[in-house]
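> Given the coordinates of chain A, assemble chain B onto it according to the supplied hints.
Top to bottom, those sequences are chains A and B. Heads up, the first sequence is in the working numbering, so the first residue is 1 and it goes up one at a time. Heads up, the second sequence is in the working numbering, so the first residue is 1 and it goes up one at a time.
Among the clues, some could well be false.
As a list, the in silico EDC-like pairs of lysine to aspartate or glutamate whose alpha-carbon atoms are at most 16 Å apart [unchecked claim]: (1) A:Lys138 / A:Glu219; (2) A:Lys134 / A:Asp263; (3) A:Lys172 / B:Asp176; (4) A:Lys172 / A:Asp144; (5) A:Lys223 / A:Asp213; (6) A:Lys168 / B:Asp75; (7) A:Lys299 / A:Asp330; (8) A:Lys168 / A:Glu180; (9) A:Lys172 / B:Glu240.
If you are wondering where the hints come from, they were derived from the structure by calculation, not from laboratory data. The structure displayed is predicted, hence computed values, not measured ones.
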Amino acid sequence: MRFLVAIVCMAIALLTTVGLAQAGQTLDAVRARGSVKCGVNMGAVGFAAADSSGMVKGFDADFCRAVAAAVFGDASKVTYLAITAASRFPMLQSGEVDLLFSQNSLTFSRDTALGLTAGPVYLYDGQGAMVSIKSGIKSIKDMDGASFCLAPGGSSELNLNDWFNAHKMTFKPIVIDNSEAARRAFFAGRCDSYSGDQSDLASKRALTPNPQDYAILPEIIAKSPLAPLVRQGDDQWLSIVKWSVYAVILAEEDGVTQANVDDQLAHSTSPEVQRLLGKQPELSKAIGLQADWAFQIVKQLGNYGEVFERNLGKDSPLHLPRALNRLWTDGGLIYAPLMI
Amino acid sequence: MKTEAWRASFGRWWYDRRTRSLLLQLATAAAIVAGVAWIVETTATHLAERNMSAGFGFLRQHAGFVIGETLIPFDAQDSYLRAMLVCALNTVLVSLLACAAATILGVVIGLGRLAPNPVLHRLASLYVLLFRNTPLLLQMILWYALLQTLPPMRQALSLADTIFLSQRGLRLPALDIQPAVLLAIVAAVAAAALLLWRTGARWWFPVAIASLLVAAAALSGHIGVDYPVRRGFNFAGGLEMTPEFTALFAGLMLYYAAYIAEIVRGGILAVPAGQWEAAHALGLSTWRVMRHVVVPQALRVITPPLTMEYVGIIKSSSLGILVGYPELFWSVSTMIGQTGHAIEGITLLMLAYLVPSLGAAAGMNALNRRLLRTTAA
Chain A
1 MRFLVAIVCM AIALLTTVGL AQAGQTLDAV RARGSVKCGV NMGAVGFAAA
51 DSSGMVKGFD ADFCRAVAAA VFGDASKVTY LAITAASRFP MLQSGEVDLL
101 FSQNSLTFSR DTALGLTAGP VYLYDGQGAM VSIKSGIKSI KDMDGASFCL
151 APGGSSELNL NDWFNAHKMT FKPIVIDNSE AARRAFFAGR CDSYSGDQSD
201 LASKRALTPN PQDYAILPEI IAKSPLAPLV RQGDDQWLSI VKWSVYAVIL
251 AEEDGVTQAN VDDQLAHSTS PEVQRLLGKQ PELSKAIGLQ ADWAFQIVKQ
301 LGNYGEVFER NLGKDSPLHL PRALNRLWTD GGLIYAPLMI
Chain B
1 MKTEAWRASF GRWWYDRRTR SLLLQLATAA AIVAGVAWIV ETTATHLAER
51 NMSAGFGFLR QHAGFVIGET LIPFDAQDSY LRAMLVCALN TVLVSLLACA
101 AATILGVVIG LGRLAPNPVL HRLASLYVLL FRNTPLLLQM ILWYALLQTL
151 PPMRQALSLA DTIFLSQRGL RLPALDIQPA VLLAIVAAVA AAALLLWRTG
201 ARWWFPVAIA SLLVAAAALS GHIGVDYPVR RGFNFAGGLE MTPEFTALFA
251 GLMLYYAAYI AEIVRGGILA VPAGQWEAAH ALGLSTWRVM RHVVVPQALR
301 VITPPLTMEY VGIIKSSSLG ILVGYPELFW SVSTMIGQTG HAIEGITLLM
351 LAYLVPSLGA AAGMNALNRR LLRTTAA
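So that you can see chain A by itself, here it is in the shape it has in the complex (with noise of 0.2 Å):
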């Protein structure tokens, strides 16, 4: 099916000029049609994932949503395709989706030889590995012969090869083509762990009955910088993509609340706030949007912080620690340009 999937947007793409980059033209599209079409990971709780009344929630649908606040003013104004790992490069590619907020690993080929380009990195991830608490397993240096469980189509069974190779040892994987399915013959047993970035690790061991019964190694196999991707040649739509996600780290730095906005906008006199809330438009001229582009960003979604905690920390079923994913000031790598 996802392969399906992918030929056909393929051959939409490569028979007809759809989808064909052009600076502004996404913009202009995503303006006609009244919503930004997002590729998400579907069903991946903490990511993207519909809550009981339908609402897609998750850090990566925050973002989304952040960049429809961006260019409505509306965080409402997104429309959600689940993306599989076979199809997402393609879907983006023939214009079926504007941009992929999917817990995509920024790689060299993904970011240069498929026509994509990346955002900036959102969320700083690492592949680990998922075993259960009665297996006795404490590190990924006592699994030697041991068989992974692994999703297909991403980076983790390169990685994982890597790993072992360098510590010469050796795995038995066992790749199944829906991520679903290999979760689900991890959680029956079939493999001695399971494999990827630990945040999706989380995600997956918070859909079982039984979180408590398994545990995942601190140990961290590669490093998995998780960044949006649009297409090549819209520089443009790019710019309001990396903003998006700046303007979120920014409100954090700068201590703009999801609570505080009104007042930050009425009181505040640091300029940097005071140009990051829209005091002075010209500067989002230049971008294409509004001047409270970066203003109803944070008034419908909070800053950093708040979007970690929420979908992925201690206000999450996940419980994930910010680690990496601090600001720089308090000794993580979360950092952006500036808003001048």
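For chain B alone, coordinates are given in the frame of chain A:
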């Protein structure tokens, strides 16, 4: 005047059956070639516009991934091309085994459908009804899910500590035989068979020679048995049937056996009743009637549709990707996921499936021709 003459000659030419059909065929061929050329040209242009690289050069890159089950050695440092080859061999393995097993099971069930015994007859009919009318993919996923409900590895069901069945699959003792010894035995038996066949000896001569040789090799320590033993995370040694392989193999076998059963039943019913009656009137036993009268005639009817089922098995083996068996489609899918070369990957995949499918069709057609010749003579 001149136009009249031209019109007349044109008319003659246009209403000539051969010329016109030639012309129409040329036009159709030109349209197809132009269509393909347009698709290729448009694709190439648009790939370039989207800054996407095209070409088959990426096949030489390191694959970087590991394959869980291989017949020939494979390392992550090997190329994508070798990964495809390794997985293609897996496709061949599972297809061949499934073809053989589905044929045997299909014949048994097909005969069961014709059996006078009502229980046997009903059971066989129920089997065909059930397996033909549910999707193959669903059946495969069911087998895979059922295999997951087996006990975990540490509590594996075992038969005298030589055969183990667990969530991790089935482990059997394997024959540990050096290839040179195996080759020598096969060659000796083949030579004996040829010699004895020429001189009109009995069939059991080569069998006896084979048994003697195997016994001698076993006694002299050239053949041993490799028993599976628990080691670390899994069993070591022996022959492994993983749940992924088993789900794919069982799915293909059980599903296609239902179709083959119907083909066998149809083939036998196609032999006129007079043939049965005449053979019985000659005093032949039921077995001999089948062997010498019914089966040779039924085979002529059975072979062509059976070919289609074999080709179907090869193509359906691509469903292995959904239960995690590393077959050809799986390798190409992984390759596309890693490199993004979807068009090239799909093209290779189509060619790769065409070869064994056309091969099976050609082989079965040759067999069919031979059958037609022998029965006609």
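> Please go over all the hints and tell whether each is borne out by the structure.
Results of checking the hints against the structure:
no.	hint	result
1	A:Lys138 / A:Glu219	holds (10 Å)
2	A:Lys134 / A:Asp263	violated (52 Å)
3	A:Lys172 / B:Asp176	violated (23 Å)
4	A:Lys172 / A:Asp144	holds (9 Å)
5	A:Lys223 / A:Asp213	violated (26 Å)
6	A:Lys168 / B:Asp75	holds (13 Å)
7	A:Lys299 / A:Asp330	violated (24 Å)
8	A:Lys168 / A:Glu180	violated (31 Å)
9	A:Lys172 / B:Glu240	holds (13 Å)
The structure is inconsistent with the numbered hints 2, 3, 5, 7 and 8, although it conforms to all the rest.
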